[in-house]
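There are 2 protein chains.
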Amino acid sequence: MALRRTLGLAARPYSRGAAKDWLTEDFLDALRAVVGSTNVSTATAVREQHGRDESVHRCCPPDAVVWPQNVEQASLLATACYSRGVPIIPFGTGTGLEGGVSAVQGGVCFDLTQMDRISELSTEDFTVAVEPGVTRKALNRFLRDSGLWFPVDPGADASLCGMAATGASGTNAVRYGTMRHNVLNLQVVLPDGRVLHTAGQNRRARKSAAGYQLTSLFVGSEGTLGLITQATLRLHGIPEATVAAICAFPSVQAAVDSTVQVLQAGIPIARIEFLDDIMMIACNRYSGLSYPELPTLFLEFHGSEQSVEEQVQATGEIAQLNGGSEFLWAREQEARNQLWNARHNAWYAALALHPGQKGYSTDVCVPISRLPAILVETKQDLLASRLTGPIVGHVGDGNFHCLLIFDPEDPDESGRVKEFTVRLARRALAMDGTCTGEHGVGLGKRQLLREEVGEVALSTMRQIKATLDPKNLMNPGKVF
Amino acid sequence: MALRRTLGLAARPYSRGAAKDWLTEDFLDALRAVVGSTNVSTATAVREQHGRDESVHRCCPPDAVVWPQNVEQASLLATACYSRGVPIIPFGTGTGLEGGVSAVQGGVCFDLTQMDRISELSTEDFTVAVEPGVTRKALNRFLRDSGLWFPVDPGADASLCGMAATGASGTNAVRYGTMRHNVLNLQVVLPDGRVLHTAGQNRRARKSAAGYQLTSLFVGSEGTLGLITQATLRLHGIPEATVAAICAFPSVQAAVDSTVQVLQAGIPIARIEFLDDIMMIACNRYSGLSYPELPTLFLEFHGSEQSVEEQVQATGEIAQLNGGSEFLWAREQEARNQLWNARHNAWYAALALHPGQKGYSTDVCVPISRLPAILVETKQDLLASRLTGPIVGHVGDGNFHCLLIFDPEDPDESGRVKEFTVRLARRALAMDGTCTGEHGVGLGKRQLLREEVGEVALSTMRQIKATLDPKNLMNPGKVF
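These protein sequences, in sequence, are chains A and B. Each residue of the first sequence is one higher than the last, beginning at 1 in full-length UniProt numbering. Each residue of the second sequence is one higher than the last, beginning at 1 in full-length UniProt numbering.
These are computed hints drawn from the structure, not numbers from a lab. Fair warning: there could be bad hints in the mix.
As the list claims (entries may be wrong) - Taking lysine-lysine pairs in the DSS-like style, the calculated list, with each CA pair at most 27 Å apart, reads: (1) B:K465 / A:K471; (2) A:K379 / A:K418; (3) B:K358 / B:K418; (4) B:K379 / B:K358; (5) A:K418 / A:K358; (6) B:K471 / A:K471.
If we strip away everything but chain A, and leave its shape as in the complex, we get (with noise of 0.2 Å):
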């Protein structure tokens, strides 16, 4: 009989519960024989690097963590854990903002970083493979001489695999949907090792109606269900021209307004996106930019040049009619940057107005036609709580969020936050939306979940998750 010894790790100050008789150096031998003894680690550092993303969730790292290099490693690895029932946690970049990689029950992190390939491009077909290891940033140098590219951009320069896991969408998804809907297939390693393909291996005709859709299953299942190595994406051509443009507004409404016409207008804008005072403030100071502080709107046409011309003069004109100040143009490829610059350092402006605090970046998604709303009671109830709270949103599809600047190590203002946060969440919901529209349910929002689905609904997806996972080993204890 082998030896089992449990090991005693010089560090584990965040482990919970019950003593982990599986943690023996016999299951790290079985670790080491799949992927090699490098890439395996149970060093604090490693560990602790693995146990958070960047959100606010406190620390939670994993016993150990392992480095596959294919789908076959994957697998073993994951038939290894299961056999002795070892939680498994899915990691790619660790950019998520809902305490999704975080090991609240120990066990195995799969970083998943070593798998890289780019694989299957098509540019006929407008396809590509990608493992967890490619970032969009990544692939879309990749795809940068082909005419191509994959828009779906939440701003972090995340793992596409992951970006799949969470359902991810970001400022282009008003124009090109989210990961949804250019997700075309997936390679999953299940709980058990098995390799699912969840529209068949090597499938992806741009739409099917064999079977039930696993794809749409696994996409936004934040690692519950399966490991994702490899996921077949829709990629879009790139646009001829691309002009961006800033118009403020006198007030919230104003700028809603403009946004609902555009799209009754049916012009196909790429992006819109909404920046309220505080956050034009933020940006102003932190960019060294002289904007206007008022609620604004930050837009992006492509298609054709003169296609674009038009869509620009239609939306400058409704953009008027609400009193919309005249537009800033950024034309040229290094204006445009420096004006999304602007949008994308939201999160480091809205940091620096208050340095060495935390940021909270919440988010929820109404229907468009009730924002106005929403936003005037969210800045009304940031005030009532004291707390520092500028508003970005992705307008177009009645998403935003808030980006709450406070001090963790106060309790009283961690407080305020937390109780923000769940009343914006049912504030939300009393309007017929989402606890989250892109952020995903993580550790946070599971009794939101709840609030939101009812519970037949969530009756239902504690059932699959039961099915699939029997053991409830892939990432436990997020979503439910």
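Place chain B on chain A using the hints.
Quick look at chain B alone, frame taken from chain A:
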């Protein structure tokens, strides 16, 4: 103890399997107690009407037909069936093409056409809710003065909830997506009578990352997981301008090359339909037209006046480069209707090639680059098989149908049709495609589904089915 008398219905020539102990007056009384006696029928003619769709699958009538008037009644009826182990078959307009409504194990057909309310229209949010009795044409009539429309168009004037159940698409999908992209929420009666809101009650945000995407799971589930009793749909703005055109090509390759280049150029074409030479001959004969009898694209452009002109010009240039004819225009509504009637009458035109015979519309979908190869091989196969099968396709999606015209009383020809369709599906599978782009699996493609998705995906789908419908009562015998 209540009298349990098994009914000897006058004509049940199609019933198979064990005697139906549940088919008692007691049971029928329980149904009548819910919907009233006029909304329960066991008449042979009614049952036969409900035992088949528009396909060539043989009629399998249900044992009874019920007409619920609202979701509460549908739920109570399902509960009555569930407690007695009685199969439930949902029925909308009966316009399916893979035998989805066939009561292969008997049971109760739920004819949902009397639930026909349209509610919750929001012209600002582009959303509306419809019950199963609402067809796509009825919805578009309702929307006429709103400036909005619902673009998914499978040809038939189908129930929108039925279209959700089969994951329908059609001619406009290349621009507006399929049902998957245009359903925001579903109300579903589960087999045990519980009412599920797939995205939560009243939810209608454009996107959500809250929990598993149950909406996508039920779209395309072909009635095997529950009864769809309401669908919340995403609407689109009616374009300012619409222009249609026809262009003939010297070869299949030239027509498909043009299609790929149009998509690569990012032209937001609304419809791009392929008809082969045989189909054009049939259309000319049927509709008294004189179009060139060559591989032909039927095109439609949506947008502003200016954008449509630009799209037309760019598409025209691409067609010319590929040897296409001058465009034959249809700019006014009447001319467009005439043009699209020719396309929409393709089915009847094909049937008219051999009066008195029946038609079977096959359905496969491949990556667009494989279209020339599969079309050429398929046309050779038709010749070698001595079959008449004009081809029409939603070529922008890589999806096409072969409209096989044959004599079902001729066992030799019927056998050749069956073998041909299996070969065609396998040809699509060998080219990374799917055995069904939009018609679904139903009765006819269960073996092909297995070949397409593989054992792991199939067993995952079966696990989901067994979990959500543990007694296998929802439309049993379909998909699996």
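Numbered hints the structure breaks, given as an ascending list: none
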